[in-house]
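Chemist: So the protein lines, in turn, are chains H and P.
Residues in the first sequence are numbered consecutively from 25, following the working numbering.
Residues in the second sequence are numbered consecutively from 69, following the working numbering.
It should be emphasised that the hints constitute simulated quantities derived from the structure, not laboratory data.
None of the values given here were measured: they were computed from a predicted structure.
From the three backbone atoms N, C-alpha and C, an ideal C-beta is built for every residue, glycine too.
Hints are supplied without guarantee of correctness; some may be wrong.
[What the hints assert, rightly or not] Pairs of lysine-lysine residues, derived as DSS-like cross-links and limited to a Cα-Cα distance of at most 30 angstroms, are as follows:
| # | chain 1 | residue 1 | chain 2 | residue 2 |
| --- | --- | --- | --- | --- |
| 1 | P | Lys224 | H | Lys47 |
| 2 | H | Lys64 | P | Lys95 |
| 3 | H | Lys98 | P | Lys240 |
| 4 | H | Lys146 | P | Lys240 |
| 5 | H | Lys47 | H | Lys26 |
[Unchecked claim] Quick look at which bits of chain H chain P covers, simulated, 3 or more residues with Cβ under 8 angstroms:
| # | stretch |
| --- | --- |
| 6 | 59 to 73 |
| 7 | 102 to 116 |
| 8 | 120 to 129 |
| 9 | 142 to 155 |
| 10 | 174 to 183 |
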Amino acid sequence: MKLGMVIDLQRCIGCRTCAVACKQHNAQPPGNWWNRVFTKGSNFHQNAVGEDDNLSMEFLPVSCQMCDNAPCEKVCPVGATYSDENGVVLVDYERCIGCRYCMSACPYGVRQFNWEDPENSKREAEYQEGYEYGYPFDHRDKDGHLVYTPNRPKGVVEKCTFCVQYTSKGELPMCVRACPAKARAFGDWDDPKSDVNQAIKGRNVTRLLEEMGTSPKVLYLPPRKTRK
Amino acid sequence: MKRLNYVTYLAALLLVVSLAAWGYQIKAGLVVTNMSNPFNWGLYIATFAFFVGIAAGGLIISSSVYLFNVKQLKPFTRIASLSAFASIVGAAAIILPDMGRLDRLYNLLLHPNFSSPLVWDVVVVNLYMLITFLSVYFQLLPDWKNEGSFLAGWTKKLTKNQVDSLSAKWSKRMAIIGLPVAILIHTVTALIFAVQASRSWWNTPVLPPDFIAMAIASGTALVLVIALLVTGKANFLKYKSAFNTLAHIISGSLVVHFFLVAMDLLLHSWWGGHGAGVLSLVFGRYGYLYAVELILPAVTMFYFFTTAGKQSRSSLLTGSILLFIGVFVHRMMLMFPAFNDIPLSFTLPGAHVENWKYPITIGNYNPPEPTFTDFWAYAPSGIEILVNLLPFALTALIISVAVTHFNFLPGQEQKNHRLGVYTNTATTASIENRTKN
Ligand code: SF4
Ligand code: SF4
Numbered sequence: 025m026k027l028g029m030v031i032d033l034q035r036c037i038g039c040r041t042c043a044v045a046c047k048q049h050n051a052q053p054p055g056n057w058w059n060r061v062f063t064k065g066s067n068f069h070q071n072a073v074g075e076d077d078n079l080s081m082e083f084l085p086v087s088c089q090m091c092d093n094a095p096c097e098k099v100c101p102v103g104a105t106y107s108d109e110n111g112v113v114l115v116d117y118e119r120c121i122g123c124r125y126c127m128s129a130c131p132y133g134v135r136q137f138n139w140e141d142p143e144n145s146k147r148e149a150e151y152q153e154g155y156e157y158g159y160p161f162d163h164r165d166k167d168g169h170l171v172y173t174p175n176r177p178k179g180v181v182e183k184c185t186f187c188v189q190y191t192s193k194g195e196l197p198m199c200v201r202a203c204p205a206k207a208r209a210f211g212d213w214d215d216p217k218s219d220v221n222q223a224i225k226g227r228n229v230t231r232l233l234e235e236m237g238t239s240p241k242v243l244y245l246p247p248r249k250t251r252k
Numbered sequence: 069m070k071r072l073n074y075v076t077y078l079a080a081l082l083l084v085v086s087l088a089a090w091g092y093q094i095k096a097g098l099v100v101t102n103m104s105n106p107f108n109w110g111l112y113i114a115t116f117a118f119f120v121g122i123a124a125g126g127l128i129i130s131s132s133v134y135l136f137n138v139k140q141l142k143p144f145t146r147i148a149s150l151s152a153f154a155s156i157v158g159a160a161a162i163i164l165p166d167m168g169r170l171d172r173l174y175n176l177l178l179h180p181n182f183s184s185p186l187v188w189d190v191v192v193v194n195l196y197m198l199i200t201f202l203s204v205y206f207q208l209l210p211d212w213k214n215e216g217s218f219l220a221g222w223t224k225k226l227t228k229n230q231v232d233s234l235s236a237k238w239s240k241r242m243a244i245i246g247l248p249v250a251i252l253i254h255t256v257t258a259l260i261f262a263v264q265a266s267r268s269w270w271n272t273p274v275l276p277p278d279f280i281a282m283a284i285a286s287g288t289a290l291v292l293v294i295a296l297l298v299t300g301k302a303n304f305l306k307y308k309s310a311f312n313t314l315a316h317i318i319s320g321s322l323v324v325h326f327f328l329v330a331m332d333l334l335l336h337s338w339w340g341g342h343g344a345g346v347l348s349l350v351f352g353r354y355g356y357l358y359a360v361e362l363i364l365p366a367v368t369m370f371y372f373f374t375t376a377g378k379q380s381r382s383s384l385l386t387g388s389i390l391l392f393i394g395v396f397v398h399r400m401m402l403m404f405p406a407f408n409d410i411p412l413s414f415t416l417p418g419a420h421v422e423n424w425k426y427p428i429t430i431g432n433y434n435p436p437e438p439t440f441t442d443f444w445a446y447a448p449s450g451i452e453i454l455v456n457l458l459p460f461a462l463t464a465l466i467i468s469v470a471v472t473h474f475n476f477l478p479g480q481e482q483k484n485h486r487l488g489v490y491t492n493t494a495t496t497a498s499i500e501n502r503t504k505n
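Please put together the full structure from these sequences, using the hints given.
Modeler: Dropping the structure here:
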């Protein structure tokens, strides 16, 4: 099995619902966002780029690209970052030594560090006292690696897990479920009938920073024509 | 020599300060630094690279005595080994505060991932620490034997002559094994950066040889400075030829460094386009730092080629200090352009957008900073600067304690035992006692 995702840029409306759903379900501390959406080329989201009668606005969601040749995994000195049997790149929160080498290595800027105890940062961000969010239980892979916990330890790296706590039970990742424009598909690249293989039928596909040789398992369908 | 005692006290004080700051950082988290998600390494890693660099000098000096028969450097082999050992301890120390989870460091032993250059570095840095320690130890062994020190306790059954030849044999062995390891620590430290295709500023085969050139220059400068301080004013002329040799090694390796820098800049800029993107940071926003990194070592290089640059203690000290500052800035400049040249960037020809950088989340709630940014104006925080005293204090402490308690300027022939007990007030007088070189 080789899990992957397809993001249809023709459908994406730049609403950032996926980013919010991701943040909430994965209990990301204030200041960390596993999933980002920006307007390509624009300093402000939802602002067109270009001039006069040649304006365009294309949205680009970026989270972990689940590289097949993942530099973050290769540099991790302790094997805290690893690919599981489904090709999902995960971080063991109990093994990471917080050296942040993986953050230097990842060309997509998706890796985030817990610079302080999330309890502190939630207090500083003035989240309402007692407001808890996110999947409430720990999740371990079959070898016992802690790959999800609602309260992250201070000093470890985190990033998108393809919602391992859900997808390991056969459910879809939150960004796929929450997307109101149905711009995302999720599934097994090895299965010709999977949603991802269906989604790319007859379409051009691109991957981000193809030239880096990271071999992402997240594919993008470029918009067929620019919005005006 | 007495003056070095003040160095000891000062170093001890700074060590306490840095440990206290580190304690605070451990409690609060790395949030007390000014690093962030887009700028994930800063002062600590730059300082690590700096100390790995100055650790080179030692074994390169002692090895050249044995391998290339550079006789005039022979009086300085003990100093050289000591400077190498002290610096590599400093380097290893400053890596520790950079770890988010110091408490899990044992994972490096339990689950080492050998595709990571960081693991290679752990191996070679520790090996180098061991070799330089043994190098110092074996060179001092005959003295300790004479004094009946417990440090030579295990040689009880050996005669003095046997200990002398043992010392000579093993000092030589350490110098010879040490040379490739000295080269390796720089190569591997450079590879930590150079293998990363994500950072165009690092991703060049020029980086490892340039690290070696910089290391030889700055490491030799450290040996030179310690040697100048330990020999004292009165003996300047006696060791002048050795000082000159050191100054020439420094200038020579700086020539190589500047050649490599020129090649690197040329390769980054010639094609233009993407590779040149990082240069707009190097010469634009960080132009003033880059000027320091180029000008100071260049001054030292030319100065040490002239007679004026080598004629007095103060000229040699000045040149070395300028070099240290230049090299340190060079290490910091590893970070600035690398992290602010965000790899995920786009050019939209139709919309006249050049090199638009995809913003990265900052990583903590820090108003008025925005949530996402495409540029991080890093400057170390006060706590970072205090913690960063650690390797400086530790290295100075080791060197000053060692040179005030043991004899680091021996008579050339170990057979001569007239030096007798070397006390911490050892002065030029006892050095004068030496027989001929
Ligand atoms: S996108 Fe970054 S974090 Fe994700 S697998 Fe690739 S290198 Fe690793
Ligand atoms: S920060 Fe953690 S996950 Fe990243 S390389 Fe270091 S140990 Fe591995």
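Chemist: Does each hint hold? Answer for all of them.
Modeler: Structure-based check of all given hints:
1. P/Lys224 x H/Lys47: Violated, at about 68 angstroms.
2. H/Lys64 x P/Lys95: Judged against 30 angstroms, a Cα distance of about 40 angstroms means the pair is violated.
3. H/Lys98 x P/Lys240: The given pair, whose Cα atoms are some 38 angstroms apart, is violated under the 30 angstroms limit.
4. H/Lys146 x P/Lys240: Outside the cut-off at roughly 59 angstroms; violated.
5. H/Lys47 x H/Lys26: Roughly 24 angstroms separates the two Cα atoms, so the pair holds.
6. 59 to 73: holds (count 6)
7. 102 to 116: Per the Cβ count (3), the hint holds.
8. 120 to 129: holds (count 9)
9. 142 to 155: Our answer is that it holds, as 4 residues pass the Cβ test (under 8 angstroms) against chain P, meeting three.
10. 174 to 183: holds (count 5)
Figure legend: structure checked against the earlier numbered hints; hints not met, in rising order: 1, 2, 3 and 4.
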